[in-house]
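J.: Here is how the chains run, residue by residue.
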Amino acid sequence: MNIWRRGGSVMQNPYERTAFRIARVPAETVRYKTIVQLIGQTRRVVRAGAGVHAVKGRPVTDAELNAAEKVLLDAETRIAEELLHHRAEPPPARALDSLLRKVRNPAGEGMETGETEAPSWLKSWVEEAARRVPDAPSSPCPFFGPDELTLVPPFGDGETEDAHG
Amino acid sequence: MNKTKELAALTRDCLAAVREGRDRSHAWRAWESLQERDSDGNAKGPLPYTEEALAAWDRAERLHPNDPALLHHLAIAHHARAWDLEIAGSPEAPEAWEKALGYWRRISARGDFWSDLKAKLLQCRPEASADVVDSLRGSLMEHLLDIHVDFVRHYFEGGEPHRAGVHVEIVRRARIAPAVRKRLKDKLFAAMTGSVGESLQSRAFESALAPVEQFLSLFEDHLPALRLHAEICKEWLSGLSYGDGWDEILTLARRARPRTERLAGHADLKAHPLAGDALQELASLFTQRGSNRGDAFFARKDEMHSEDKRRQALDAYEFSVEWGRAALPVSSPGSGPRRLLGHVLNNQAICLQSEIPQIMEADVDLETKLDTAMNTLRRVISKLEEAAEADPDDEVIPKNLDASEEALADLEKKKTLLKLNPFALFLEDDS
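Chains A and B, in that order, give the protein sequences.
Mapped onto my numbering, the consecutive letters of the first sequence carry residue numbers 717 to 881.
Mapped onto my numbering, the consecutive letters of the second sequence carry residue numbers 965 to 1395.
It is worth saying that the hints were derived from the structure and are not from the lab.
In this text the structure is predicted, and so the values were computed from the model without any measurement.
Among the hints, erroneous ones may be present.
Simulated restraints on C-beta separations [said to hold, decoys possible]: (1) B:1052 with A:749: 35 to 43 Å; (2) B:1141 with A:727: 55 to 63 Å; (3) A:840 with B:1141: 55 to 63 Å; (4) B:1093 with A:777: 41 to 49 Å.
Built from N, CA and C at the ideal position, the CB exists for glycine as well.
If we strip away everything but chain B, and leave its shape as in the complex, we get (with noise of 0.2 Å):
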């Protein structure tokens, strides 16, 4: 090599040297700043961060974004600030932490800095086995995430839901693959609802289904949570009477409603028996109350020409045949729920018949009166179709359904006769 050539090359080294020099000083700089000193300024060992470092650091980042060792220093030190922050009760904790979860994230996507582990595993156990270093790798995000999880946990015990939200949060929009969202979201649960089983034992209802309720407002398809949430309303309602406890009824269904219906349209529902049954138990529970309601009403004939009570009847109908059809999609032909439906949809088409006779003593005119007559009972064939459909085996359903059929045509038939004959009159004293 000539002269020239060797001091081309010699030169290039300096300006390498300068270079890395630069580069590294941020680091150093970092590094220094970290050292917990004693008293005669000797170190004794990294804080895991300091504001300086994490300055430092963020310099250095900018010359080498993809530099392993730097974002090791970085997820260490704004994972460990995080932390304080949390313990702080510190409003900037959150943004801490997504900001330590990304650099962890980012640490886990690059091989060199695991390929590195392994080397420095083998320096230290030449016979040990890499697959240890893989096994951290893969479940760093999991293992990362599960603190929150243990977060959510501490602050539900500690009677701090809106803390717990937050980790719930940052759980929920971790960027991780849908095997470690499954676990996690199942921790999550185990975690937020711990103490449901305790609330159930003291029927303290309220507090077991908030929980739950929280948990699903963010995860509205959990099939064990929506379960869970059926079985404490059972639970509720069971100790609630359709007379006095009537509007707690009420208040209870319109918590459960939606939750039943995701539950009864849930993809996975066939494959999770014990959630089907908790449906249909739950369902056919309020069907009972309702149908008990109507039929404590229309039991007592003599109330039935009181327009307010009759209305009563019918609302309670309504409500129990609007559970009775949520229990469908778990009920087999001939069950429980099915015969009730059955039995609830025919009482309620007799209650609707048997506005009828008043139909026709009302202060309007004799057409009015027939289409008023003639829609109410289509409303009640209506009722019995769906009635026999729901309960083929009852006897008594299509003998009702056959009597209003031939009561609406004779009414229809009454209509026609009025149209045509012009001395309607005299037809409306038979009627």
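Bound conformation, chain A alone (with noise of 0.2 Å):
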């Protein structure tokens, strides 16, 4: 099937509601039971009221959202549908913040007993090289979205680790 040509017209950007979108999952999530989990929340969502879901102004439908379940709960169609939602970008400075921690608290997490300190010149450029990386600190993490998405516990690095066919 060509994704490209799936809205039925020539006439609509393919780019704009993607399955992803639609149904407020993450390209970044690939475990069955939380994509079934958040689609049952983007569901309850779309129900609850007109509007309360939109993209680009436009209120999702039920029926976008079927369509869109159908295709990301199918390892084949959602694959080609990653080719038309951007992938999360990563903070910058998440390398710097970790060695940060490691040069701030030789002793601690990441610095195993007798290694090097580092001495203060290269905590204080280390410091200023993390200062000067804009990774928005402040900006929602981009793997989640509005509050409720963050209902659905948990998230985080393991899930990858369990996926469902």
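Please dock the two separately framed chains into a single complex, following the hints provided.
T.: Structure representation (structure tokens):
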């Protein structure tokens, strides 16, 4: 199937209302149960009232959500859908943060006892670099959206380990 | 490891982390600017593009021109933008489409992008076959270009052929494998000529022919299009009379001629008998119309003395002969088109020969008259030889050929005599 023709009309941009946007499922989510839960959450929001869940100002309908669910719960169609959807970008200062913790706290996390303590000039330099890299710490995490999405526990690094077929 | 080495390693890690952070910051800024947010500022999900994101990705691309994730962001963003420009009717759309297709083409070539996608597929469903991703990759460019075929159909149906042309050009210029190109050409042909059947039913021949000619102006050797062109011309021609409709026939012939020549010389013609049939039927019908018109003048013997009428008959025969010759590559020996060509050439020869008495009565010197008459007879003989070759079974043509050859020999004898005899005026009476 040609994912770019799925909308039925060429006068409809297929990138705007991808299954991920419609269902409010982050493209990084691969666990079947989590996807089902997220779609369930979105369905409740859609049914709660028109316009609560809108994409570019246009409310999402039940029919759209059903179609998105069908796409996302089938691994093959979901993978094709990924071509239409941006993957989340990790914050750029992630590696720096980790280093920062290391140089600030040599005896703590990330450093074995007896390891070299970073000299003060290196600490200052890493701190300055971390300050300059714009990772927008005040922005919400891109892997989650509105508050209701955060109600479904647990998200995290372990979710890919028990992926569902 | 001694302390100095540990410190050096730590410093290297710091440098690498700073470099990575700096490099990724553009992509992060782009990602942030894509977020559609609710009234509380919470991210609702990414938009396909924003101008700010595009600018940030452009900067990121300068640092990492081959980063597959970045290329994917750029492909999505530019393609989505091109789509919006298209919907808005912007003149910037064609360039935006080309740019977006360029990014998708680069993604298509990036094995690491597709490996990541396979890994993701297996994360979603461990027992899934990775062939799915190979298939996605294999059909990527064709699927993307199919969109433009859809636009072509959309604009043609909406009566905006100029906008359809933009998308035809995009497909035409696309750098794709020959097999994919052929499939797309066929799809484009189907899209552009979808309304031909309806036009033919209502006998709106101009409307039927125009999209085929538009397609052929881009893909001049497309055999199905050449065949369709011939079929439409034949339908149109079948309703035209050699009398009242002659001017229209000539106009139609001028449109049909370059396409039938291309069809006749097409390398694949023999493998497509229906295309050959279309060529033969059209050429034969043109031949017939010309022949009928020539015969109509030729039959009126009294009018053959009129120079104008004879010229019209000869023009009609010449038209007919040209189309008869066009049918030859697809006509077998003894077939109708060949017999028709023989008939027309024979009549054209007789018509030409009928000029000779008038030539001999002209008010010029005898030598000039003899030269002109001999030249005419040589043309007559040439026509009759071609006629005999086209229709070897015709019994009349060889007799006419013999008679013309005898007449030429007679004139040549007179010319020789004229040169030898200073009292040639006496010969003039005998001529």
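J.: Would you mind marking each hint as holding or not holding in the structure?
T.: Hint check:
1. At roughly 42 Å, the beta carbons of residue 1052 (chain B) and residue 749 (chain A) sit within the given window of 35 to 43 Å.
2. Distance hint check: the CB atoms of residue 1141 (chain B) and residue 727 (chain A) are about 29 Å apart, inconsistent with the given range 55 to 63 Å.
3. Between residue 840 (chain A) and residue 1141 (chain B) the CB atoms are about 57 Å apart, so this pair conforms to the stated range of 55 to 63 Å.
4. For the pair residue 1093 (chain B) and residue 777 (chain A), the supplied restraint of 41 to 49 Å is violated, since their beta-carbon distance comes to about 33 Å.
Hints 2, 4, counting from the list given before, are not met by this structure.
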